[in-house]
Amino acid sequence: MKKECVAMLLAGGQGTRLKSLTKQIAKPAVYFGGKYRIIDFPLSNCTNSGIDTVGVLTQYEPMILNSYIGIGSDWDLDRQYGGVSVLPPYVQSEEGGGWYTGTANAIYRNIKFLTQYDPEHVLILSGDHIYKMDYSEMLEYHKQSEADATISVIEVPWEEASRFGLMNTNESGVITDFDEKPEHPKSNLASMGVYIFRWDVLKRYLMDDADKENSSNDFGKDIIPAMLGDHKRMMAYTFDGYWKDVGTVTSLWEANMDLLEEDPALELNDHSWRIYSKNPNQPPQYISHKASIHNALISEGSRIHGTIEHSVIFDGVHVGEGSVIKDSVIMPEAKIGRNVTINRAIISADSVIEDGSVIGDTSPSSDITLVADEESVIAKSYLEQSVN
Amino acid sequence: MDRIAGIINLDHEQDVLDELTYFRCSAAVPFAGRYRMIDFIISNMSNSRIPSIAVFARRKYRSLMDHLEQGKAWDMDRKQGGLFILPPDWNDPTDISKGDLQHFHNNIDFITRTLADYIVISGTQNICNINFRDVLKEHKQSGADVTVVYKKVEELQPEHNRSHKLTMDEDGRVIDIHNDHRNTNVYMDMFIVEKDYLYEMVEDCIAHGCSHLFLDGIKAKLPGIHIHAFQYEGSYALINSVESYYRHSKRLLNEVDHEDLFKQDAPIFTKVKNEPPTKYSPDSHVTNALVANGCSIEGHVEDSILFRGVKVAKGAVIKNSIIMQRCQIDSNAVLENVIVDKSCHISSDRTLIGAPEKPYVVAKRASI
Numbered sequence: 000m001k002k003e004c005v006a007m008l009l010a011g012g013q014g015t016r017l018k019s020l021t022k023q024i025a026k027p028a029v030y031f032g033g034k035y036r037i038i039d040f041p042l043s044n045c046t047n048s049g050i051d052t053v054g055v056l057t058q059y060e061p062m063i064l065n066s067y068i069g070i071g072s073d074w075d076l077d078r079q080y081g082g083v084s085v086l087p088p089y090v091q092s093e094e095g096g097g098w099y100t101g102t103a104n105a106i107y108r109n110i111k112f113l114t115q116y117d118p119e120h121v122l123i124l125s126g127d128h129i130y131k132m133d134y135s136e137m138l139e140y141h142k143q144s145e146a147d148a149t150i151s152v153i154e155v156p157w158e159e160a161s162r163f164g165l166m167n168t169n170e171s172g173v174i175t176d177f178d179e180k181p182e183h184p185k186s187n188l189a190s191m192g193v194y195i196f197r198w199d200v201l202k203r204y205l206m207d208d209a210d211k212e213n214s215s216n217d218f219g220k221d222i223i224p225a226m227l228g229d230h231k232r233m234m235a236y237t238f239d240g241y242w243k244d245v246g247t248v249t250s251l252w253e254a255n256m257d258l259l260e261e262d263p264a265l266e267l268n269d270h271s272w273r274i275y276s277k278n279p280n281q282p283p284q285y286i287s288h289k290a291s292i293h294n295a296l297i298s299e300g301s302r303i304h305g306t307i308e309h310s311v312i313f314d315g316v317h318v319g320e321g322s323v324i325k326d327s328v329i330m331p332e333a334k335i336g337r338n339v340t341i342n343r344a345i346i347s348a349d350s351v352i353e354d355g356s357v358i359g360d361t362s363p364s365s366d367i368t369l370v371a372d373e374e375s376v377i378a379k380s381y382l383e384q385s386v387n
Numbered sequence: 000m001d002r003i004a005g006i007i008n009l010d011h012e013q014d015v016l017d018e019l020t021y022f023r024c025s026a027a028v029p030f031a032g033r034y035r036m037i038d039f040i041i042s043n044m045s046n047s048r049i050p051s052i053a054v055f056a057r058r059k060y061r062s063l064m065d066h067l068e069q070g071k072a073w074d075m076d077r078k079q080g081g082l083f084i085l086p087p088d089w090n091d092p093t094d095i096s097k098g099d100l101q102h103f104h105n106n107i108d109f110i111t112r113t114l115a116d117y118i119v120i121s122g123t124q125n126i127c128n129i130n131f132r133d134v135l136k137e138h139k140q141s142g143a144d145v146t147v148v149y150k151k152v153e154e155l156q157p158e159h160n161r162s163h164k165l166t167m168d169e170d171g172r173v174i175d176i177h178n179d180h181r182n183t184n185v186y187m188d189m190f191i192v193e194k195d196y197l198y199e200m201v202e203d204c205i206a207h208g209c210s211h212l213f214l215d216g217i218k219a220k221l222p223g224i225h226i227h228a229f230q231y232e233g234s235y236a237l238i239n240s241v242e243s244y245y246r247h248s249k250r251l252l253n254e255v256d257h258e259d260l261f262k263q264d265a266p267i268f269t270k271v272k273n274e275p276p277t278k279y280s281p282d283s284h285v286t287n288a289l290v291a292n293g294c295s296i297e298g299h300v301e302d303s304i305l306f307r308g309v310k311v312a313k314g315a316v317i318k319n320s321i322i323m324q325r326c327q328i329d330s331n332a333v334l335e336n337v338i339v340d341k342s343c344h345i346s347s348d349r350t351l352i353g354a355p356e357k358p359y360v361v362a363k364r365a366s367i
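Going down the list, the protein sequences come from chains A and B.
Mapped onto numbering that gives the first Met the number 0, the consecutive letters of the first sequence carry residue numbers 0 to 387.
Mapped onto numbering that gives the first Met the number 0, the consecutive letters of the second sequence carry residue numbers 0 to 367.
Misleading hints may appear alongside valid ones.
As the list claims (entries may be wrong) - Covered, in the sense of this in silico footprint (three residues per stretch, anywhere, with C-beta under 8 Å from a C-beta of chain A), are these stretches of chain B: (1) 27–38; (2) 263–269; (3) 273–283; (4) 318–332.
Stated by the list, open to error - Take a look, some chain A residues computed to stay more than 12 Å from chain B by CB distance: (5) Ser19; (6) Met62; (7) Val85; (8) Val90; (9) Asp210; (10) Ser250; (11) Gln281; (12) Pro283; (13) Ser287.
What the hints assert, rightly or not - Chain A is nowhere near these chain B residues, computed Cβ spacing over 10 Å in every case: (14) Lys78; (15) Arg132; (16) Glu154; (17) Lys220; (18) Thr286.
Keep in mind the hints are simulated off the structure, nothing from the lab.
Ideal Cβ placement from N, Cα and C applies to all residues, glycine included.
Modelling step: build the complete structure from the supplied sequences, incorporating the hints.
Below, the structure written as structure tokens:
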């Protein structure tokens, strides 16, 4: 049976800039927003956009990710035909095999998977970004403009533009040029890492690329420049919603804090575009008579006895009496003792913070403190890991 | 491992929770912030590795069927066994059964076909966290025909008026089942019995024109049969009136009671709704509350329970109240000692105040 569009989600990233948050899990499995993991966003976007066939390419630390995705039922991706498939690197009898050597190689090695569905188009996604996007609108644009490839772009502030891969376009949205992190940007349209290709075209480029000895097998570095060089019809699709790369501890913290604004750019309480995730099925939040909560997101199973200000609290978190948590993110099942002070910090899942601990720095210019080791028990002094 | 099957018999549960049971049976009444009453017994059965459950429903079961679906949330969507909701669609022209025996007669296949050796039969109004494997162990050790479950309460409450009480000898063998108001051993409307014994009991009751399996098949047979009593020691609440519903709901605001019911190693499951975390605004003031996910709180909430997706606007004050799912409480509304059923809208500046001993109940989807 033919599928018009199949999504391939690149979820093998190590996310080294997230430091010890990704010591044991792949970046797409990192927690976000009080109950989600990053990968919930692209998976929910797929299901909400009517894309029911998704290959998830795993590589680095796949255990949590594999069990989390399961058969995809949490995102309604458990389908009779299609649905979600986890695609780890594997050994092939003749070519040998081994790790995926790059993003393009990961797709190349799964040509067989895609061929089963005989798709017209392939949607390439990454598991690194937080955004709500209707891929079906992008697909419509891609089809109408008869493009070989469509790249989703977002306008970024000019002063930050040199941190991104930038698309230079003509007035009709045709991409003329692509600059990876240029020193002097000619455009402020950053690539979001969301591509739609005509499958017959992409397949040819993947096969050509695989034959090149010195290729890095990467979409941004190899495939897209090669297609531009051949004057393929490549369109930029402008997205104007919330989009955030949560690749660093600071940006992950910022993205969580963004949710606390009065009218957040990313609305999670949106019945028309739900973000699905694995639900822990825990009892309601227990807010004791000693608790004080202002400007917070709090999830089920948590027990709050202390003060929470401008913070995001995941499921199953306990906060003891007299503790004050401010401008922080507390990930699932972390147990915060009594009289603990936490400022501008991310406390990772399953952490245990001893009574009286002081963590983080109140100064707005200070770095975000990361406590990220599930065995860590923090004594009076604190374990600190400052980041850029 | 011994196999156990479960029967949840709703036939004796009167819909006496006023507005809360106008359109649903009491098993489907929302409870404790995100659950329905029936979630507790199904979770108990699921946690006791009971893979096959029949629900005997007679009326107002639409909401129940909607909630239970295929039983996936309780891990009851099994290839072998699973969850069966069995409303009365009875077409046997030779049927002479009466009362709750009608359910047993017309669904006798559930009993004869199950691979289980034992069957637990329970209602849904005795909220608890029980492991039926412990009950089975005692049942087998005692060699009894039937083992009934009871709770020794500190003192009887109004909701226990109609409950049966048990008198046992020193070995835990039941010598009398009665309604003596000086006895605090409250029968919890749960018993375990061997499958073949149950089958015989059902046949015998029907042959003799009986209409109540427990009263006619068990209680009336004393002292001829061996009934053992299993003492349940955990968290317990009997809910069969608005007053008991309100009092036991509010007990969950006490952390000790809360922890007793919601145990880490025996969780209570319910249908998931994929609601986001609850948002507390900078102006919110929330103390001593149970709050489910998906709420948005800008007002004042004290000694109260908020179900999923409740919106509390700025200046609204909620005290000693239970607000069910998807209610919207507008600015400066005041609610005290109130139970608001789901999807209600309380508009700005309204004041609704019930009595602490008799909360004011607002029916589902009301707009005030």
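We went through each hint and held it up to the structure:
Counting residues of the stretch 27–38 of chain B whose CB lies closer than 8 Å to any CB of chain A gives 3, so the stated coverage by that chain holds, three being the minimum. Check on the stretch 263–269 of chain B: 4 of its residues sit with their Cβ under 8 Å from a Cβ of chain A, so the three-residue criterion for coverage holds. Counting residues of the stretch 273–283 of chain B whose C-beta lies closer than 8 Å to any C-beta of chain A gives 11; at least three are required, and the coverage claim holds. Figure legend: the stretch 318–332 of chain B, annotated as covered by chain A; annotation inconsistent (0 residues with Cβ-Cβ distances under 8 Å, at least 3 required).
With a least beta-carbon separation of about 24 Å from chain B, A/Ser19 lies farther than 12 Å from that chain, consistent with its non-interface assignment. Distance to chain B confirms A/Met62 as a non-interface residue, since its nearest Cβ pair spans about 22 Å, more than 12 Å. Look at A/Val85: its CB is around 21 Å from the nearest CB on chain B, clear of 12 Å, so calling it non-interface holds up. Residue-level check passed: A/Val90 sits 34 Å from the nearest beta carbon of chain B, beyond 12 Å.
At the 12 Å boundary, the C-beta of A/Asp210 stays outside the reach of chain B, the nearest C-beta of that chain being 45 Å off. Every CB of chain B is more than 12 Å from the CB of A/Ser250 (nearest about 20 Å), matching its label as outside the interface. Not every beta carbon of chain B lies more than 12 Å from that of A/Gln281, the smallest distance being close to 7 Å; the non-interface claim is violated. The beta carbon of A/Pro283 is not kept farther than 12 Å from every beta carbon of chain B, the shortest such distance being approximately 3 Å.
Annotated as non-interface, A/Ser287 brings its C-beta within 12 Å of a C-beta of chain B; the closest such distance is 6 Å. Every CB of chain A lies more than 10 Å from the CB of B/Lys78, the least distance being 15 Å, so the non-interface label holds. Non-interface call for B/Arg132 relative to chain A: holds, since the shortest CB-CB distance, roughly 21 Å, exceeds 10 Å. Distance check for B/Glu154 against chain A: the nearest CB is about 26 Å away, which clears 10 Å, and the non-interface claim stands.
With a minimum CB-CB distance of about 40 Å to chain A, B/Lys220 clears the 10 Å threshold, and the non-interface call stands. For B/Thr286, the shortest C-beta to C-beta distance to chain A comes to about 5 Å, within the 10 Å cut-off, and the non-interface label is violated.
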